[in-house]
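Those protein sequence lines, which keep their order, are chains A and B. Its first residue numbered 1, the first sequence is counted upward by one per residue in this note's numbering. Its first residue numbered 1, the second sequence is counted upward by one per residue in this note's numbering.
Here are the simulated DSS-like cross-link-like pairs (lysine-lysine), alpha carbons at most 30 Å apart as the crow flies:
# : chain 1 : residue 1 : chain 2 : residue 2
1 : A       : 177       : A       : 143
2 : A       : 32        : A       : 224
3 : A       : 125       : B       : 334
4 : B       : 370       : B       : 282
5 : B       : 334       : A       : 86
6 : B       : 282       : B       : 101
7 : A       : 86        : A       : 32
8 : A       : 32        : B       : 334
Facing chain A, according to a computed beta carbon distance under 8 Å, are these residues of chain B, among others:
#  : residue
9  : 328
10 : 411
11 : 414
Bear in mind the hints are in silico, worked out from the structure with no lab data behind them. Bear in mind that the values here come from a model prediction, so they are computed numbers and not experimental data. We put the CB at the ideal spot given by N, CA and C, even for glycine.
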Amino acid sequence: MALVEVRDLVKNFILGDEIVRAVDGVSLSIDKGEYVAIMGASGSGKSTFMNMIGCLDVPTSGEVRIDDIATSEMDSDALAELRNQKIGFVFQQFNLLARTTALDNVAVPLIYAGLNTADRRDKAKAKLEEMGLGDRLDHSPAKLSGGQQQRVAIARALVTEPLILLADEPTGALDTKTSEDIMQIFESLNDAGITIIVVTHEEDIAQHAHRNIHFRDGKVIEDKPVIDRRSTKDDR
Amino acid sequence: MIGNFTHSLSAWLVNISIAMTALRTNLMRSILTTLGVMIGVFAVTLAVAVGSGAQVSVMQSINALGSNMALVFPQPDSEGGSRSNFDRGRLTMRDARAIEKQIDGITQIAPQLRTNIQLVVAGRNASTIAIGATPGYADVANVAADTGRFISEADVRSAARVVVLGPSVARKLFGGFDPIGETVRINRAPFTIVGVLESKGSSFGNDNDDLAIMPISTTRQRFAGDSLAGPDDLQMLFVGFEDGVSLSRAKRQLTALLRDRNRVRDNEINPFTIRTTEEFMKETGQVTSIFQIVLVAIASISLLVGGIGIMNIMLVSVTERTREIGLRMALGAKRSDIRNQFLVEAAVLCVIGGVMGLILAFASGFALTKYADFPVPIGLSVAIGAILFSAAVGLIFGGYPAIRASRLSPIEALRSE
Chain A
1 MALVEVRDLV
11 KNFILGDEIV
21 RAVDGVSLSI
31 DKGEYVAIMG
41 ASGSGKSTFM
51 NMIGCLDVPT
61 SGEVRIDDIA
71 TSEMDSDALA
81 ELRNQKIGFV
91 FQQFNLLART
101 TALDNVAVPL
111 IYAGLNTADR
121 RDKAKAKLEE
131 MGLGDRLDHS
141 PAKLSGGQQQ
151 RVAIARALVT
161 EPLILLADEP
171 TGALDTKTSE
181 DIMQIFESLN
191 DAGITIIVVT
201 HEEDIAQHAH
211 RNIHFRDGKV
221 IEDKPVIDRR
231 STKDDR
Chain B
1 MIGNFTHSLS
11 AWLVNISIAM
21 TALRTNLMRS
31 ILTTLGVMIG
41 VFAVTLAVAV
51 GSGAQVSVMQ
61 SINALGSNMA
71 LVFPQPDSEG
81 GSRSNFDRGR
91 LTMRDARAIE
101 KQIDGITQIA
111 PQLRTNIQLV
121 VAGRNASTIA
131 IGATPGYADV
141 ANVAADTGRF
151 ISEADVRSAA
161 RVVVLGPSVA
171 RKLFGGFDPI
181 GETVRINRAP
191 FTIVGVLESK
201 GSSFGNDNDD
211 LAIMPISTTR
221 QRFAGDSLAG
231 PDDLQMLFVG
241 FEDGVSLSRA
251 KRQLTALLRD
261 RNRVRDNEIN
271 PFTIRTTEEF
281 MKETGQVTSI
291 FQIVLVAIAS
301 ISLLVGGIGI
311 MNIMLVSVTE
321 RTREIGLRMA
331 LGAKRSDIRN
341 QFLVEAAVLC
351 VIGGVMGLIL
361 AFASGFALTK
371 YADFPVPIGL
381 SVAIGAILFS
391 AAVGLIFGGY
401 PAIRASRLSP
411 IEALRSE
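In isolation and in its complexed conformation, chain B is listed as follows:
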């Protein structure tokens, strides 16, 4: 058994060395053939990596939003049910307090008003979205002040004219200077900058740092009053849950509570919409999977073309070396020996191409991550998979030429020129 194994191992090593000699003999041809496989493996590997990068990116942006939470906003939910008498949805501060009081597992709630604002300071200006929030927003949305402080309860109570800038806005207005304590005019009213947020990067080209946060009371007084139906209305409510709380169950409880509070009848649709981070992950996971499958399918075509190149060159190689095949048969090579010799040659071509393609993919992945800020993770399993896959391409496309070589008659092969 052991002897058998070492014998077959030695036979494979011989085949590899025969293959290397043959490939060196036609170096240019070998390189060009390898190039086809290299491009194929490169494309497939990169497609897999870009696909998982998209997934990572999406997960990052969902995490940037805040983990384990539900978003409630006053937009009638068209999912199921008949038309209702609510033209527009409603969500109030009283609803928010009721939710906080009556539903289990809540860590924080973050009621919000949102509006577009124009900031001006010493001749520079920037427009961004202002989130009118409460101190709880920091926890739920997973943001914190990098320098200075976040808005406080006192700010909210007094509707103070204070603002916390996102890093992008701060950079646009102040360049490298520390903006804490500076005054900025927002829609002509002077505001004091009390903090700058930690950067949350960008996801899918969306800058997560392009925003400003001010007390919800200030936003209500100065910017949003007209667009709201009531003085107590909210445009968005984040409900943060403890880890391990089932969000689908929480969503059912929230729905029941809000339907009850709004006196929605059984056959009417919800005058509000609830989305959870769990749902976002699931949906975007599906989208990115499809994205990845499409990418890989397209990239596979180039690997297929590379494989056809292998088959072509192996057929040429078999024809050129017919005499050698005849000689080997005369010296005692069995059909399986000849077949294996050419299979190994094709596999060696492919694996070399695979390794080079993988190196190229690593380099491009690194460049994409570094310069395009798009994560392209090539894991060990992808790397091993790529090499095995290229070996398989060699065996599949080298199979026909190898079998053809092994079927030659010894004497006809020996006689060929």
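Isolated chain A (complex conformation):
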């Protein structure tokens, strides 16, 4: 069954007196357990597409179904709840709250899930330990390396046990070695059954996925499985 299903998706932006079609009639579906890389040059519409399947942005027309739920009829509160429970976000710039400990950063989604303080702490601590940051709980982002910060962000994305992990250029601000670490984490998460969708313009990163979708001018120009798949396991 399709976890993410997109029909005739269109997103228009108005720039001055010109209408720009950022996403121009895209239909596709992503199954549970898939690992998909969405590729394309900047301005190809891949980020806009991703924002719509992340329910951060509303389409001009067309439909997005997440876990068989139509999102077009939902109000902003219902969309917030959907994001909270089914989608985890990882951003290029990590987007951690400054002057806030790793533990409290990871616990933020649980505030909106309505958990009490003790449960929030327990779950956030467990996720950070899974990410190998058990000894960094009380560190603020400024005291963490880029890779550590991104791992905190991944812990935050996963703390509500979402179905989908949406990552927008997750390695864009990291060096090659650290990028590989992050890719390894993604791979093991995918092995554990989480559906992963990564937006990237780097061929190397895309090669870790099972399936690559290429965008150009708001349209899908190529959608194919990765034959010669790179795995971090190969390197060992």
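Please build the complex by placing chain B on the supplied structure of chain A, with the hints as guidance.
Leaving out everything else, chain B in the frame of chain A:
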């Protein structure tokens, strides 16, 4: 229900801790913003307190006059009625005796003559008002001798040259020495000081201790003879009533009796004036209420300015933290969560300002009471009111920025720099 409550309580606590972090991050800005609210709450609280202090002060001065009594004095009362043939009013000792005999509920009467006198002793002098009175004055006017004694019936009968000094006069003439038994020259005649009154403090800068009391007969003989129309005339009569006697009813009875005694016709005005302590309280109560309202209204302007400062800084805060708002929305924050977060931040700023303003008001109130001898009572209700009021200022002026923050689109907020 309980779970719901603890959940929302925990959400509010989270909001408070988010607010504290945000306020600490911009510490200087937070302090300056808080200062505005602090000054506002300080001004309003102090205005309320000064207003009630004025009320207390007025009540004290009325109580200093004596409680539950009527004052009768021989001045034609212009209230209502047509002109009369009385150019000047009249009030005599015989009227006073008739009042005492014929009206119920009277405890004491205190007929008086009043005149300005000059006291001289060993090179020092003082001028004050002399009240020529009877022993009953002590009761009605609520005064007593602190040292020595009050004037006696015998003093009145013999028109003795004795005087009881108010504490201020005694201090002026004798400094710290005990003046009992000393001789003082009053308008050149030697008087013996038999007592010093208990202090009654001051009200509205009026020294209640600046007076001297001597027998009414002495005053009549030596100082007031010429200015009176008859040998029996009084300049003032205090009529003391028992507690619980209706003063408005007593006033009607007094008026009827005195009109009858003076043979005033129906269309003529009273040749005398009667005021009661009840009337004083009512009138001054109205005046001090208006005084208080005006004070509070002026002080409220500073709180309004403080509130505008809050709104300004919250708008800046929302703009600066647009990205954080977007992130929180991406992580599942509903619009109401974002709105509450900023409302709480504004309320926390205001309540901190409110508490500081209140502390400042307490300190100033204490200083005013202690050094300016003006009571500035800040009660528990005023304190709680001030805190609630400052929280309300936060919610009102933080409301618009908070709603603006909650209306942001998640993706546009996330994309902002």
